[in-house]
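**Q** Sequences are here, hints too, so could you generate the full structure?
In terms of the working numbering, the sequence shown opens at residue 2 and continues consecutively.
Don't read these hints as lab results, they were simulated from the structure. Since we're looking at a predicted model, the values are computed, not measured. Keep in mind that a hint or two might mislead.
[Stated by the list, open to error] List of simulated lysine to any residue pairs, SDA-like, C-alpha gap at most 20 Å:
no., residue 1, residue 2
1, Lys10, Gly41
2, Lys24, Ala14
3, Lys22, Leu34
4, Lys24, Gln36
5, Lys43, Met6
6, Lys10, Ala29
7, Lys10, Ala37
8, Lys10, Gly33
9, Lys43, Val23
10, Lys27, Thr13
11, Lys24, Met6
12, Lys10, Val23
13, Lys43, Ile32
14, Lys27, Pro45
15, Lys24, Gly12
16, Lys22, Gly12
17, Lys27, Asn49
18, Lys27, Arg15
19, Lys22, Glu8
20, Lys42, Ala29
21, Lys10, Asn49
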Amino acid sequence: MRSEMREYKSGTARSGRSGSKVKSRKQAIAIGLSQARRAGKKVPPNPNRRGRKKS
2 MRSEMREYKS GTARSGRSGS KVKSRKQAIA IGLSQARRAG KKVPPNPNRR
52 GRKKS
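**A** Laid out in structure tokens, this is it:
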């Protein structure tokens, strides 16, 4: 998380396979959280997924 924000601030943060430049702070945070989850770190659940029900 910390390294992704550092990259964003310096303007070198890239996302996805295409390697397109990260334009927003929210996008950088989302990438950092995603990387932390993949690494097995303890990260709070995604608030947008809370409360969804399968119909």
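**Q** Please go over all the hints and tell whether each is borne out by the structure.
**A** Results for each hint:
1. The straight-line distance between the Cα atoms of Lys10 and Gly41 is roughly 25 Å, outside the 20 Å bound, and the hint therefore fails.
2. For the hint pairing Lys24 with Ala14, the CA-to-CA distance comes to about 9 Å; that is within 20 Å, so the pair holds.
3. Simply put, Lys22 and Leu34 have alpha-carbon atoms about 17 Å apart, close enough for the 20 Å limit, and the pair holds.
4. This hinted pair checks out: Lys24 and Gln36 have alpha carbons roughly 18 Å apart, not beyond 20 Å.
5. For the hint linking Lys43 to Met6, the alpha-carbon distance of about 18 Å falls within 20 Å, and the restraint holds.
6. For the given pair, Lys10 sits about 9 Å from Ala29 by alpha-carbon distance, which is consistent with the 20 Å threshold.
7. With a C-alpha separation of about 19 Å, the suggested pairing of Lys10 with Ala37 holds against the 20 Å cut-off.
8. Restraint check: the Cα-Cα separation between Lys10 and Gly33 comes to about 13 Å, which is no more than 20 Å; the hinted pair holds.
9. At roughly 24 Å between alpha-carbon atoms, Lys43 and Val23 are farther apart than 20 Å, so this suggested pair is violated.
10. Straight-line distance between C-alpha atoms of Lys27 and Thr13 comes to about 15 Å, which keeps the hinted pair within the 20 Å bound.
11. Between Lys24 and Met6 the CA atoms are separated by roughly 12 Å; this keeps the pair inside 20 Å, and the hint holds.
12. About 10 Å separates the Cα atoms of Lys10 and Val23, which keeps this hinted pair within 20 Å; it holds.
13. For the given pair, Lys43 sits about 15 Å from Ile32 by alpha-carbon distance, which is consistent with the 20 Å threshold.
14. Restraint check for Lys27 and Pro45: the C-alpha separation of about 16 Å stays at or below 20 Å, so the hint holds.
15. Restraint check: the Cα-Cα separation between Lys24 and Gly12 comes to about 9 Å, which is no more than 20 Å; the hinted pair holds.
16. A distance of roughly 8 Å separates the Cα atoms of Lys22 and Gly12; the hinted pair therefore holds under the 20 Å criterion.
17. For the proposed pair Lys27 and Asn49, the alpha carbon gap of about 14 Å is at most 20 Å, so the pair holds.
18. As the CA atoms of Lys27 and Arg15 are separated by approximately 13 Å, the hinted pair is consistent with the 20 Å bound.
19. This hinted pair checks out: Lys22 and Glu8 have alpha carbons roughly 11 Å apart, not beyond 20 Å.
20. Between the alpha carbons of Lys42 and Ala29 the distance comes to roughly 17 Å, so the proposed pair stays at or under 20 Å and holds.
21. With a CA separation close to 25 Å, the supplied pair Lys10 and Asn49 exceeds the 20 Å bound.
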